[in-house]
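Chemist: Below are the chains, spelled out letter by letter.
4 protein chains.
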Amino acid sequence: MIIVMRNDATMEQCQRVEQRLKDMGFKTHPIYGEQQTVIGAIGDTKGAALDAVLNMPGVEKIVPIMKPYKLVGRELKRDDTVIKVRDVSIGGEHLAVIAGPCAVENEDQIFEAARIVKSLGADILRGGAYKPRTSPYAFQGLEELGLKMLREAASEVDIPVVTEVLDTRDVELVSEYADILQVGARNMHNFRLLREVGRSDKPVLLKRGLAATIEEWLLAAEYVMDAGNSQVILCERGIRTYETMMRNTLDLAAVALVKQLSHLPVVVDPSHGTGLSALVPAMAKGAIAVGADGLMLEVHPDPSRALCDGQESLDPVQFGILMDEVSKVAGALGKRLVNGKAKPA
Amino acid sequence: MIIVMRNDATMEQCQRVEQRLKDMGFKTHPIYGEQQTVIGAIGDTKGAALDAVLNMPGVEKIVPIMKPYKLVGRELKRDDTVIKVRDVSIGGEHLAVIAGPCAVENEDQIFEAARIVKSLGADILRGGAYKPRTSPYAFQGLEELGLKMLREAASEVDIPVVTEVLDTRDVELVSEYADILQVGARNMHNFRLLREVGRSDKPVLLKRGLAATIEEWLLAAEYVMDAGNSQVILCERGIRTYETMMRNTLDLAAVALVKQLSHLPVVVDPSHGTGLSALVPAMAKGAIAVGADGLMLEVHPDPSRALCDGQESLDPVQFGILMDEVSKVAGALGKRLVNGKAKPA
Amino acid sequence: MIIVMRNDATMEQCQRVEQRLKDMGFKTHPIYGEQQTVIGAIGDTKGAALDAVLNMPGVEKIVPIMKPYKLVGRELKRDDTVIKVRDVSIGGEHLAVIAGPCAVENEDQIFEAARIVKSLGADILRGGAYKPRTSPYAFQGLEELGLKMLREAASEVDIPVVTEVLDTRDVELVSEYADILQVGARNMHNFRLLREVGRSDKPVLLKRGLAATIEEWLLAAEYVMDAGNSQVILCERGIRTYETMMRNTLDLAAVALVKQLSHLPVVVDPSHGTGLSALVPAMAKGAIAVGADGLMLEVHPDPSRALCDGQESLDPVQFGILMDEVSKVAGALGKRLVNGKAKPA
Amino acid sequence: MIIVMRNDATMEQCQRVEQRLKDMGFKTHPIYGEQQTVIGAIGDTKGAALDAVLNMPGVEKIVPIMKPYKLVGRELKRDDTVIKVRDVSIGGEHLAVIAGPCAVENEDQIFEAARIVKSLGADILRGGAYKPRTSPYAFQGLEELGLKMLREAASEVDIPVVTEVLDTRDVELVSEYADILQVGARNMHNFRLLREVGRSDKPVLLKRGLAATIEEWLLAAEYVMDAGNSQVILCERGIRTYETMMRNTLDLAAVALVKQLSHLPVVVDPSHGTGLSALVPAMAKGAIAVGADGLMLEVHPDPSRALCDGQESLDPVQFGILMDEVSKVAGALGKRLVNGKAKPA
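Protein chains in written order, with numbering that gives the first Met the number 0: chain Z, 0 to 344; chain D, 0 to 344; chain U, 0 to 344; chain W, 0 to 344.
Simulated from the structure, these hints should not be mistaken for laboratory data.
Be aware that a few hints might be false.
No copy is singled out in the list; a pair is fine if it fits within one copy or between any two copies.
Mimicking DSS-like on lysine-lysine, the simulated pairs with C-alpha atoms at most 25 Å apart in a straight line are [stated by the list, open to error]: (1) K66 - K26; (2) K60 - K76; (3) K334 - K76; (4) K60 - K26.
My request is simple: use the sequences and hints to build the entire structure.
Modeler: The structure is reproduced here in structure tokens:
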């Protein structure tokens, strides 16, 4: 890292900072410019109390050079991670499609949703039993009852399921029903939950936080991996910006960048990413074109009766058309859908 | 609320939407414009599945008219809420100053910090035992050991303490040691934790989320109040913007606005709000001038040795000067510090 | 539009607002709810002094229903606008590729760039003669000399050119050399410049502002059209967010949405949109997949010698590969590059 | 500056970059870490084509050390700049209050406004003759007729005036009528206009751009100063964020920070900064408390009849009360209003 001294720092201050860095085990390389001094420091910053150095007299700022994450980065593992969920692979040459309703509402709805998404080529069923809602008065999910329905519906059509866990106390219970544990955007910074799912043997689908930087997102994945679970699927779902016409701003460039920085698979959720079902097909194609490893889509048997997120849900006909179009884009890029119809180019 | 129909919506679609609204118990008032139809709907939206209406054919958007929160708003309770913590009052005429280090580091540090902040006029001691850190490799706090030290240090100088709780499983334990439970910015959307502290009999200091809207912040407080705990102190601590020179953008106008919308007390944390100790005194004065009910400040016996947030911490001399200056501003506005030196104007 | 009255508004205040609206020529439809009154107003808001109504006693807010733009919207013109520049069409079935260096640097550079981009399939040459730079000390462009070089280089290989105009005083001069006038992101809110290019007979490429909403962007195009020039090409080039790893956040969903709202063609600039050449190919494919009508790319004969924006420029080899890959995605979607190699599906 | 090489950069690449830097006149100091190499470069970056270095093989990024602005910074001029406009001083111990309507609407309105603001203690009259409006269909100002009325109204009560200039072609004309030239937020990046007002002998009030960083704002001032005009008054007017309850997010911490970085005076516009007249008094007090050198306020004889920005304008009674309250805060801090009633502490 580089310690930048203030332009009015005294020689004595520079020397004290250099001495402190040496005491912390760094090799130091001061560079005395005409107006300002900077001190290069070589060594392992892991665990070093850099915050303290920042507040030593004369210090302006610290510029880190090395990336703050290790396990998620391509430096330690160059090859793409492929995560197996039953017979579905996420990452690598195959594109995985996760589809289903925002929330499990009742038996009819989730069984019908499961049949629809399976028959149209989805690889994994989604459906929420615990819903994080901005208002305490909105529908909060069917909880364990919902988990049971979800599992039974999935079993009927033989498809794995992903569902969200909101609370450290629920990880064990949700793991009994789910094939993949989802950590939602609002919990990306819930470090206790990250550690808890990190101790699970289930793959974790980790959504990017509402306003999380790419680095924070990767560090959240690092929490899970550092706790022992290397099966992390990243999910871009849009970030918060000043734009109000869409629910979020879907950051597809982040997908392209994270694919370069990390070996972990990245899927894209254009439903939450835009909040408008009319935009979902275009953004699903865009996601595949920029290199995403899969899609996460809200599909509801009848969106006009949905208890949550109706406006961003596809109906079965729209979902079928989307699958065909996505297949074409995938095929053009030499990839194929697992259960869908894309053929290698 | 107002349902706005698309400009190509058919008369039949408008009528179906109106019928659905009637079925849900609303009184409806359609207005047929030359280009577009809107439908006014009067009734209680609490619990109504509006998401479904949004996705009915022909609907463009729904414009809510009534505020989505009830308990936190001035409509139901016009007078300012004053929260008593031992002999300290937060809200109303008195300004409360919460001060102390980012983290409890060891016995010497927290005892010294407690003595310093008490002697210089602080009303409440802060100090973290559980630290939510972006990197899994950063110092995560002393946990229960830290809670004990904090309590003992506070008892020695007879000052109440506030400390953060990160996990639903820790609420009971933290409540044994703390006078006020802090929910941090990263957990403002952790609805399970909000409900859990809502069942506690301790006051809750609720920080605004990293990128939370004012409405989301008030709804988070509504979660706590809806769970039974009406002692909520809101804390503005800066929001995430594109600006990089400061850690966050301190939104003092949000304080002025929330004071109009809600009866709850609002304190301001200029330490996290700016991330730069050199800006803290100015922003502390600004916070009081715009109408905040108190301040939350990072004060460390020796910031250049701090294990976290050193760059934004004040040293004892800086804190003393700040208290004097804040007193003058408070006095000019007819308010006074609880333990500080401001005299009524 | 809907006027929302405050919940403490008196009946008299509601009636005064209604009377004022009637005086302004609106038909009014008051809806008296239990807690709040709203007043629907039907009529033409164009030119109406709504700001004044907003500040009448008892008014909380005004909710506009109709879109504020007319000429750019699909309501008045359903079919896609196709803009002809010499023999190149922008909009409709053909994808246009605009490529070239950030700035015209010297004769050798721009002639070489023109030959490269033409030979690799670009339809239009780009190159800046007037550069808007954040620092007054950065290279500001060759001005009229640069315009001449650009024109000559383009003539040699028979390709149209687009170049930026910064100042109302330069519109005439730039029009002598350019086939398309570019209004840059920093001038999207320069309404005088918009009006001035609106009086020109050259097509206008209008970049989205650094932090412009989609509605503001469309209204900027409305300025140009309202001044008489209906040949507007919109260009998405990324917006400013809190993310720092990339220069901007490329908002591809805005492209999909604008294609639904407006008949104007939309091209995407992934070079400025990401600021990193390593991400440009992925985002170019993504842009085409979401429905963009073309691309605007920075291509430099030797990016490591570029006087501006080197880090986001492609070298000739990278540009050639990008054209091949983009062709495949275009082909899969039934579109084709004008001069490139994509075949209809 | 520091050139950070990629962790897979070869020794040869590092050496080539070092050689290029030497060729450009820099002294170089390479630091070879275990995983990455960085190269310190000492010398004058003004005019150096750093963009090119950025794109040399093996380079990851460049970290600038020195501030990119010179003339506006405290390094070259430590003392506060005080700008004299007739007998009003802006900067230093005195606080200047600029007040008046958003737009000059007609003779009665601007004469009445001038009398009101003068009699209540304002130092400078504001009023727009050229209005930059998002929609081409909104009121655009009375242009030269408005300038004349503004000047006459100001002369009657003997008060200087500030008014906005939108177009390089209008600088001369506006200078005939105005004492201070305003460059609005939408033109902060209009570098040609900055240079043109930089050649004027009138002081320039430079508003921060809608989404401008602090560094960009200071560099915009640097443009004006570099063109020869050192009389620049900075004006914070809120930035664009995701929050929708207010028109902008007023960034008072930027005021405190800019006062440390620059010698130029900084005033605050809480009217545009919040968009809500009910918040203006609180934010005006906050602005003074954080160290602003003055205020810019929208005051209208009858806001409910205003042709623009009515909702954020104060009426005469509100403005009078605000002046009293601001005086108290100013007095507590040892400052005083120029024409107002604050007494030194």
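Chemist: Work down the list of hints and note, for each, if the structure agrees.
Modeler: Status of the hints after comparison with the structure:
no.	hint	in the structure
1	K66 - K26	within (18 Å within a copy, 27 Å between copies)
2	K60 - K76	between (31 Å within a copy, 23 Å between copies)
3	K334 - K76	within (22 Å within a copy, 38 Å between copies)
4	K60 - K26	both (18 Å within a copy, 22 Å between copies)
Hint check: no violations occur; every hint is consistent with the structure.
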